[in-house]
Amino acid sequence: MSPVIAVRPHRQVWTEQIMGTVVSIHAVTRTGAPERGATEAAAAFAALREVDRVFSTYRADSDISRLRRGECAVASLDPRVAEVAAACTAWEAATAGRFSADWRGWFDPTGFVKGWAVESAARAHLAPLLADDDVVAVGINAGGDLQLFTAPGADWVWRVGIADPTRPGVVLATVDVVDGAVATSGLAERGAHIVDPRSGAPARGVASASVIADGLAAADVWATSAVVAGMDELAWIQDAGTRTGILIGDDGRVRRWIRSTEVSVVGADPDLATIA
Amino acid sequence: MKKIIYSILATLSGLVLLFSYRTSLGEEISPVPADVAAPAAESTPTPTDQGTGGTSGTTRGSGLVDGTYAGQSVRTRFGPVQVSLTVSGGAISAVDVVQYPDTNSRDRQINERAIPQLVSETLDAQSADIHMVSGATYTSEGYLQSLQSAIDQAQS
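Going down the list, the sequences are from chains U and F. Residue 291 in our numbering sits at position 262 of the first sequence, with consecutive numbering throughout. Residue 58 in our numbering sits at position 18 of the second sequence, with consecutive numbering throughout.
Bound conformation, chain U alone (with noise of 0.2 Å):
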């Protein structure tokens, strides 16, 4: 008889620069297996890359570019850009205007094509590798926004740390995901750049909104209309259909929800039959 001997899973990391920051992908395998999931994150990466050919508003020779300076119809176009449009027109009504691809007056769907196209990437080349016996889990960071999947059974859950909006390198939160999305916008590193599209005006009051759902292109559409929604408008988790979420205010008030309901941890004093 053989020694039960407690070991860690072994974690494999890739990293790369794709659409103005890191996308980093980890794969975790049972201790002692064969290292698996290179070639899938080459192929993610590879779809990343792709998909910035055509979005990317920083590329003169991007499909969106093109669009933006009438040289061609979204019809001539690379079918996803027509997608992309229909999904963003969509998101527009669902967020009752806080999220939109045209606040800036032109069609600039960045905001929903990096969750989108991560969430895709993430479906069609890393969850497949959870087939495999030996893979324990799987996962995607584009920038702080992620995929995460775990293999049906196994003994792991992806432990995520929100980061503290006002310190660098500091975790503010953390929240456990065993299958799902982490999306998180907010003011902190690139300054105010989100705009309540229906004003033109900065979004205020929000610091960091973190919104898991089950995937990213719901959670980031989510994440960035709580931003312009602000700290005093909870209202839109009644349809938003997120798991949970946390708003971090600039004063350092925090929000909460489950679902539809706000929840607020006042304590754990088991001795609490009257609170009033």
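Derived from the structure by calculation, the hints contain no laboratory data. All residues carry an ideal CB built from backbone N, CA and C; glycine is no exception. Certain hints may be false.
As the list claims (entries may be wrong) - If the Cβ cut is set under 10 Å, some of the chain U residues that face chain F in the computed set are:
#, residue
1, V57
2, S94
3, S105
4, L106
5, L159
6, G168
7, A171
8, L177
9, V189
10, G190
11, P194
12, S239
13, G274
14, V283
Use these hints to put chain F onto chain U, whose structure you have.
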């Protein structure tokens, strides 16, 4: 009247648990009624006096009296859960989880915690094993200074 409040509280405790926990096997966990729960390691909670917790207030059409109500601590296989309700203007205005199961190492492995836990609320988070960091988009330069960069480099 009180009965209404407490039945809502019991339901909420159950809901919190449903949303809180999913085992890594994908099994949906239903709340376990207190009277059939297996004996917990914790001392048996004393029954909460159902008459306490309410404050006097104005009754509105809903039949709910304004005030804050603490639910009974509901025992579950993960530990006790207690929820409080605030009624304002005859409507439920807030739901607070006042007690939720301690996360021991085993629970941490098999459960998905429901809501983001503030580091200040947990004793161990500073040294917690963080796998990924979510934050507002960093630039390629910003990444180099980021915690995610350190995690990426610390291959296990």
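Tested hints:
1. V57: OK, holds: U:V57 within 10 Å of chain F, min 9 Å.
2. S94: violated (21 Å)
3. S105: violated (31 Å)
4. L106: Violated, because the Cβ-Cβ distance from U:L106 to chain F comes to roughly 25 Å (cut-off 10 Å).
5. L159: Since the shortest Cβ distance to chain F is 13 Å, the answer is violated.
6. G168: holds (6 Å)
7. A171: holds (8 Å)
8. L177: holds (7 Å)
9. V189: Holds - the Cβ of U:V189 comes within 10 Å of chain F, reaching about 5 Å at its closest.
10. G190: holds (4 Å)
11. P194: With Cβ-Cβ at 7 Å, under 10 Å, it holds.
12. S239: Since the shortest Cβ distance to chain F is 6 Å, the answer is holds.
13. G274: Status holds, d = 7 Å.
14. V283: holds (7 Å)
This entry does not satisfy hints 2, 3, 4, 5, going by the numbered hints stated previously.
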